[in-house]
Amino acid sequence: MVPRTLVLAAFLATATLTGAAAKDFRFAFQSDVSSMDPYNLNEAFSLGIQGNVYEGLTRRDSNLLMQPALATGWQMMEPTRWRFTLRPNVVFHDGRPFTADDVVFSATRVRADGSDLKSRLSSVADVVKVDERTVDFVLRAPNPLLPNEWDTWYILSKGWAEDRNATRPHSAQSKDENFATRNANGTGPFQLASREPDVRSIFTANGTWWDTKTHNLTRVTMTPVAVDATRVAALLSGQIDMAFPIPAQDVARLKANPNTKVLTKPEVRAIFLGLDQSRDELLYSNVKGKNPFKDRRVRLAIYQAIDIQAIRDKVMRGLATPTAMMVGPGVAGFDPDQQRYPFDPLAARKLMDEAGYANGFRITLDCPNDRYNNDEAICQALVPMLARIGITVDLKAIPKVQYFAKIPPPKRDTSFYLLGWTAAGYDSLNTLGALVMCPSDRGAGPFNVGGYCNPEVDRLTVALSQEADQLKRAALTREAWRIVREDVAYLPLHNQILAWGVRSNVDLAQRADDILDWRHITVR
Amino acid sequence: MAAGSLLRTFALRLVQALLVLLAVAAVAFLLFRFVGDPVAQMVGQDTPPAERERLRGALGLNEPVIAQYAAFLGRAVQGDFGVSLRAGRPVLDLIGERLPASIELALAALALALLLGVPMGLFSAMRPRHALARIFDMISLAGVSVPTFVIGVLLIALFSVGLGWLPAFGRGTVVDLGGWTTGLLTGSGWMALVLPALTLAIFQLALVQRLVRAEMQPVLQSDFIRSARSRGFSERRIAWRHALPNALVPLLTVSGLQLGSTIAFAMVTEAIFQWPGFGLLLLQSLQSADIPVLAAGLMLIALFFVVINLAVDLLYLAADPRLRQERPHAG
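For the record, the sequence lines run as chains A and B. Residue numbering for the first sequence is 549 to 1072, as defined by the numbering used here. Residue numbering for the second sequence is -12 to 318, as defined by the numbering used here.
Don't read these hints as lab results, they were simulated from the structure. You may find that some hints are simply not true.
Unchecked claim - Sample of chain A residues facing chain B (criterion: CB under 7 Å; computed from the structure):
| hint | residue |
| --- | --- |
| 1 | Glu591 |
| 2 | Gly662 |
| 3 | Ser670 |
| 4 | Ser671 |
| 5 | Ala673 |
| 6 | Ala720 |
| 7 | Thr769 |
| 8 | Val773 |
| 9 | Ala777 |
For each residue, glycine too, the CB sits at the ideal point set by N, CA and C.
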């Protein structure tokens, strides 16, 4: 590719010309985005990076609160018809004006084959252009949370996609890349200048952005660095200005160094244990003819045998907040006052006796070893804790590529497993619908691996999905989570604490969803 | 050797190479059942199970292994190695982008190893009791026994974090010469090359030093060296002109195979320095169960070794005059 050399040369030239005024920001994450096509992968890091280039009708501020972006406002005309008013005088990076046609086009594209973000518009039956500045969304059924995830449904230019033959989303199924894989044309505060996948991507500030600039950057360089030690070393040596994630063992070192600092914040994701409560006999246990996890007392015994403080202090080195909830802080319905069942091995032992397992039993615990922070170490710590109540745990820790082939449906090849979940749209409804609702053929409870079922929770979840009133939503959510806790449907462990390493001369806002928003970065 | 027999050797090698490639692909596909589910890495948390299943079907992952193998071979003979599941781009493009980085790194490491290792080995063989020879032996002992990742991390700690002289990762600024990206034309490229090349070279240097020393010791006892000494040649001339050529054949073999394995298997070093080479690509592909890249990558490695072995055999002919004579045919 010849242009790359030219682009590089052009950069070197601008770097010398602009001199001191140029503010470069170089950062490293542990991997690269798989594609610049914003419909390729529904995952926080990719969408977060793309969100500096592309914009949705809405966006989120650094506290995850929803704001208008490409739409200036919206209203529910009737429960199944929403009207969005579009922002005037917005242009894409290539100079094309942003219009209602782009929204209609993006709605079609995001629902096309190969898109991983179909869920963004799953309740939408029809998208109608009313005029150049107005678009109506006609729904199949009422959905009060319609725009909740639209901060990551990015709008592409219809004209650009058609000219560049990128009207269909990039996916491995499509057998080839399209122009949007390594190029981008959004309306956002930064534009993609050059991209070498897995090596380096360079972005420049968009001088014609519609909003008031809150950053002082001229250029952003993104490089993936997979090995933790190297990422930390590069930050310490000043080769980069920011690195994430920072492993727990390096936090103290970066804090002690005068040139670096560490930002921490509890993450929206919850880490928890799940138990097979649906099979009549467990796949991996020595208990035959019955399933001990169908007994609430056994589930509670395991819960109370877990010394969560020890896991926090010893395994996580303080980088975790123990939780009683299946959703993290920042998610609607998260209740910081909800208490964990206390750590009490004696009470746990007693519960085991009452349930008829005074002699304990043997169980296999499935665990990923490269997905969550210290995932395997957490599971290792559980082995002696559960041994104290007579449960012999055989630990099976495997890489995530194998783990996610084994644990989720259709296989559900586990009796006892560790998993993490982030509530999409930052509302409890997503977690309740995906993990808690009784699994059905019609697609309810798609990731309810343990098969927990309670008709009352299902009823509350369905009601929540149709309720628009905020107060009533809060009440429904609170009641649903109360029952989940009462039933010991899951054993929540903690929220990981995000750790970002930053050079001392950089100021930025840390988001609880681990997304780095360049709008909030200033380099001194 | 007559031209006819050379041609025959070549044809035989070609057939062997094809068989090796077929076998490697077959073994690879047998193993792919255990690498995991690539679809789990290709979709987000909320993608429903039914959609995942549909994707698996569309990608042919539900086919029996033998059918996947046959489909792969069928496309491979037409030069189509498929699309990476992780990157969604043609596999050959990905490998083509990564190979220059690995080849440059491997050549730099080998050059470093030979430039330092041969003189060290010669010295150790000629003056085994000298204090310097013992130091060389110790260095090479450390070189073969300390794992690569320890060396790499130590070098980063010293030269990047401690002294701030060299970058901790990356390849610096590269220049694209019509599809071949090189870091050798920019200052930052050379700076970035130093630490990973050194990391790789330390092991090879130890190997070269020990090999040269071991090969030279019997040679130095032989009659023709003694007669060279008696004719009053300098020690330096005896070492470089008379003795060393006798150690060249094994040195070439080992260097050739080393070059092949550093291009193919420098995964650890490439990962530590985030060196955008072939080894790092394989590692990333393994972590995401990217079967098309793994299959093509393993075939390429097999091809490498076949070609290198052939090249080494041909170099033997150049290095050892005895092999050039027509041998009497048995039977």
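Point to revise | In rising order, the numbers of the hints this structure does not comply with | key: When the structure is compared with the hints, numbers 2, 3, 4, 5, 7 turn out to be violated.
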